[in-house]
Structure formats: C-alpha cells, structure tokens
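2 protein chains.
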Amino acid sequence: MGKCLEYRGQQLKVSELLPASFNNIDIALFSAGSVRSLEFAPIAAENGAVVIDNSSAYRMDNDIPLVIPEINPQAVKDYEKRNIIANPNCTTTVMLMGLKPVHDISKIKRVIATSFQAVSGAGAQAIEELRNQTEAIINSKEIKVEVFPHQIAYNLIPHIDSFLDSGYTKEEMKLHYETRKILGDNEIQITATTVRVPVFRSHCVCVNVETENKITVSQAKETFNNFAGLEVVDNPQKSLYPMPVESSGKDNCLIGRIREDYSINNGISFWISGDQLRKGAALNAIQIAELLIKKYV
Amino acid sequence: MGKCLEYRGQQLKVSELLPASFNNIDIALFSAGSVRSLEFAPIAAENGAVVIDNSSAYRMDNDIPLVIPEINPQAVKDYEKRNIIANPNCTTTVMLMGLKPVHDISKIKRVIATSFQAVSGAGAQAIEELRNQTEAIINSKEIKVEVFPHQIAYNLIPHIDSFLDSGYTKEEMKLHYETRKILGDNEIQITATTVRVPVFRSHCVCVNVETENKITVSQAKETFNNFAGLEVVDNPQKSLYPMPVESSGKDNCLIGRIREDYSINNGISFWISGDQLRKGAALNAIQIAELLIKKYV
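If you read the sequences in order, they're chains H and X. Quick note, the first sequence lines up with residues 45 to 341 if you use this note's numbering. Quick note, the second sequence lines up with residues 45 to 341 if you use this note's numbering.
In case anyone wonders, no lab produced these hints; they're calculated from the structure. Check each hint, because a few of them may be wrong.
Note: identical chains are not told apart, hence a pair may lie in one copy or across any two.
Stated by the list, open to error - Straight line, CA to CA, 16 angstroms or less: simulated EDC-like cross-link-like pairs of lysine to aspartate or glutamate:
1. LYS282 <-> ASP209
2. LYS151 <-> GLU231
3. LYS185 <-> GLU231
4. LYS153 <-> ASP305
5. LYS153 <-> GLU256
6. LYS214 <-> ASP305
7. LYS339 <-> ASP70
8. LYS258 <-> ASP305
Work the whole structure out from these sequences, hints included.
If you want it as structure tokens, here you go:
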C-alpha cells in the first residue's frame, strides 16, 4: 500500500482494497488468489462491477460461468446470476484448446493427460528459484529450496497443488472437473498426472483421447487449423513440434505430434504447448472482458 | 587407439578392435552404438564370446533374447542360438520395472506412457550441452545448439530418436515392441510419447495401465514392494514421490504416485523414475552377465 509499481512506463500507486474501490468499475479483474477473491469478489459484484476471477475460488460454483471464449462463449451470459465469471485453471485451458476441436468432430469418451508445467505457474518467486538453483548448481554451490517442496533445477516434481486422500492432486482434479464444466459434458472421463518441470514459461500437455467415432489425423489437423487461438506446428521430419520456448509470449496455443493411437479403435494423441500466463491466465481474462464489452455490458 | 583412459584409478590403453580381440573372452559388453554392434558382435560371437549388446541392433531379432533379469531371466538361455543377448532400451527398462509386477497381478490390456527423459540418455556431449546452454542463458549470452535439434535448457523437446511416417518416433515404438517381447505378450497395447527434458540424469515415465481385472492401490504397492529392483516412494502427504535427483546413482527404480484410475473400470496409474545409465543400461547388462556366470557359463 502506497508502494509504486511501474506499468508500461507509468508509475501506479498501490491503494488499499476497500468496498468503495469498486464504485464506477464496470469490470474488475481479480488475480490475487482464492482468499482475496472469496473476500472481495462478492463486494465488487454487489457494487456493480462484473468480476473476472483468475483464482480457483468460484470455478466449480454452479451459478458462476467458467469460460474460455473460443470454447464456451455462450456461458458468459450467466454472469448475471452473481456478477462473477471464473477464469479456468491454466493447464485446463491449454489442454482444452486442443480437446474442444476433437470433441466437435466426435464426442470425447476418455482423456489421459500428462502435464509438463513451467515454474512461472507458481509465481515470480518460483522463476527466481529456478534461476538461482541453476546458477548455484552450475557454480557448484549449495542450492536453496523455498518455493517448491524440492529442488526444481534439473529435476521433475510430480506434485502441483495439494494432495487429496485419493492420491491425486487438486491440480489433477481441476483438469477433470473444469473440463466437464467447460465442455458441458459430465460423461467425459479424464485422468491426469501433473508435473512441474524446470522450464520458465509455457505449459505443455501430452494428451491421449478416445472418441466415440474414428478421427483421422488429417481431419484433426484441419479442425485444429480452423480453430481460433490454435496453431498447428506439426512437421516432425523438419523437427517442428510445439515447445515451451516457441509458445512463450504467444497468444496462440501450439499443437503438434498429432497421431492416431493404434492401441485402441478410436484414439488420437497430441502434444500442446501454451503460454500459461497468456492464454492460461491474463489473455483469457481479457478475452472474457471483451465478450462482456461487445455483447453484454 | 593408443589413447589412455582412466578407469578406477588405472590407466587403460585403448586398442583397435580386431577379430582376435575376442580370443579367450567369455563375455563381451558392447556399448558403442548399432553400427559397431552390427559389425563386431557376430565376430565376437563366432570367436566364442557371449555378447551383451546395449545397442538397439539386435533387440527385435527373434533369435536373440532381450532381457531384464528381474523380469524374464529365463530368456537368457536362448543366447545359445547366436551368442548374443540384447539389453533393452533405457526407457523401456525403467517402465517395465513398474509394469511387470502389475502384469503379474492381472494381465495388462493397454498402456499409455509419457516419458520425461534426461539428457544423459543422449551421451556425454548432451550433458555438456545442457550445462553450457544453462550457463549461457543465466549470463545472458547466446546459446549453442549442437547435440539436440533445439535448445534443451529450460525447454522440452517431444522428439527422441528419428520420426517414422506414422508420426511416432522410433523411441516411442521401442516402448511398444520391446515391452511385448520382454513380457512375452503380443496382445498388450502400448502407446507412448517420449519427451526430452532439461534434467541431467534419470528418466521418469508417467504410466497409465488398463488391466483385465481390478487392482487396488494396496495390492499394487505390496507387489511393487516385493519386486527386486523396485523401491516404493509414495507418501504424498510428506511430499515423497520419485524424482530424478533421488533415483540418480541408485540401482533401484523408484515408483510412486500409485493410484486408481477412476476413468475406467480396471485402471491404475504410477510414476516411475530410474537411473537410465544404471538400470536402463550398464547395471542391466552386468546383471545379464551375472545370470550367464551363475547359470550358464
């Protein structure tokens, strides 16, 4: 509070959040975690602002739409019930950018997803931690472990968010529940493993899908190509496939390694990479705001 | 040739490989790639040595056993046909250390595997490349890309070995074919995606298995616990699960994140991490040699 933050060359003063802060605000973008959202989103909503909330606080609330504009824009209109719209989990968003076009061709029966998640998903300190640990290891110094439960540099941590009694993490279950809500299909079966990898930015998801009817690779590619927000990068012979260094800083999610899964009758696999700070968070929130501005506000 | 290499404090002189090199050799360990193996393994075999070959040259040859001593030791005896025994692919070995105990409880129907493979799988220069690229990035210098097709530091490359027309890599198909051969079951369906990650050592595989009958988590854990070469590390509440930094330098493969897959009737998922230079290569070769010495030579 009182501190100044630089934003696009301007110095902006940080003010205390008060109910009055929301007077004359049309759209309030929340991105300070569930605790803050649970406290202040209803206040903002009551004061007439439409809240677009990036936390997980309201995502599974029946009265609150969970929206990816390219996928379920029509859901936005339900914001009127509570004046709150939820922004989905970053990994869910990246994965669904690839799953929705598949679902449009043939109903999805089952998804097996394995995520490779960048440290920036855990915040600015996590980025520093990866950088500092790498530097320490390169210089044969001792590493500090503070943000993640273990060393992340040159390591893999199959643990994102907290563990449930079932042995799954909350992150893994978000992929399950949020997918069903966004695609509006509670019959889809989803099982996921989410893994933190020593990458600064952009999540990747390795996705195996079983559909009701057969989908050919060329059918899938064509549909992916025509899907807004998606870019097909799939020329293996030229070593072209999606990678975090390529998707970082891009609005589009990159999809590739598209191939038939011969282990079942109607299966397809792909690998998708998306900037989780953009499409997985900020961009998607802004796109929701644009939907509101164009159609509903 | 003529060069000296240090091995356990001794200076060993490198000699030219000649047919006569194999005189009076009982067991010859080959680990210099397929081209060398194809040329010299038959010569060694003809001269009376039993070849244990770490390359992929002979793995799928019907007359040559492909052996993981904890899994199919009985196959070793077939070495007599050609005097050659093949050492499986490193990722296949790590994955199978977890799959075999499952298969022992209930026949495996289908496997979906996603690998996270360390750079050391690509040799000593690959280790240097990861180290050099990281150092360059940390110091804001330009990186050099020589061993891998793209930057590997802070990146993910979903491309190991060369691509086939099907869109799969050879590495991915090795998981399929070698698994069937080692488990002696051509009905098992396997689909894999193999990914290079910026980790120095130890491969991890995220494995989803469908079995004929239901397997409970406690059943699986008990069987894993009793399986030689496998160590259960699975206490999520204490943030204990397998990680490359933990499995590196160990003979045992570490298995964890064991959980029922609710997306199908009889499904189980796990995460396994193994030192691909040990169990995935050298250790397994030595274990095969031990089998030969104890029983057959």
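Checked hints:
For the homomeric pair LYS282 and ASP209, the shortest alpha-carbon distance between copies (13 angstroms) is at most 16 angstroms, but the shortest distance inside one copy (45 angstroms) is not. For the homomeric pair LYS151 and GLU231, the shortest alpha-carbon distance inside one copy (10 angstroms) is at most 16 angstroms, but the shortest distance between copies (27 angstroms) is not. For the homomeric pair LYS185 and GLU231, neither the shortest alpha-carbon distance inside one copy (51 angstroms) nor that between copies (50 angstroms) is at most 16 angstroms. Within a single copy, LYS153 and ASP305 get their C-alpha atoms as close as 14 angstroms, and across copies as close as 14 angstroms, so both meet the 16 angstroms cut-off.
In this assembly of identical chains, LYS153 and GLU256 lie within 16 angstroms of each other by CA distance solely inside one copy; the values are 6 angstroms within and 19 angstroms between copies. In this assembly of identical chains, the alpha carbons of LYS214 and ASP305 lie at most 16 angstroms apart only when taken from different copies (15 angstroms versus 28 angstroms within one copy). Taking CA atoms no more than 16 angstroms apart as the test, LYS339 paired with ASP70 passes inside one copy only; the shortest distance there is 14 angstroms, against 80 angstroms between copies. In this homomeric assembly, LYS258 and ASP305 come within 16 angstroms of each other (Cα to Cα) only inside a single copy, at 10 angstroms, whereas the closest approach across copies is 24 angstroms.
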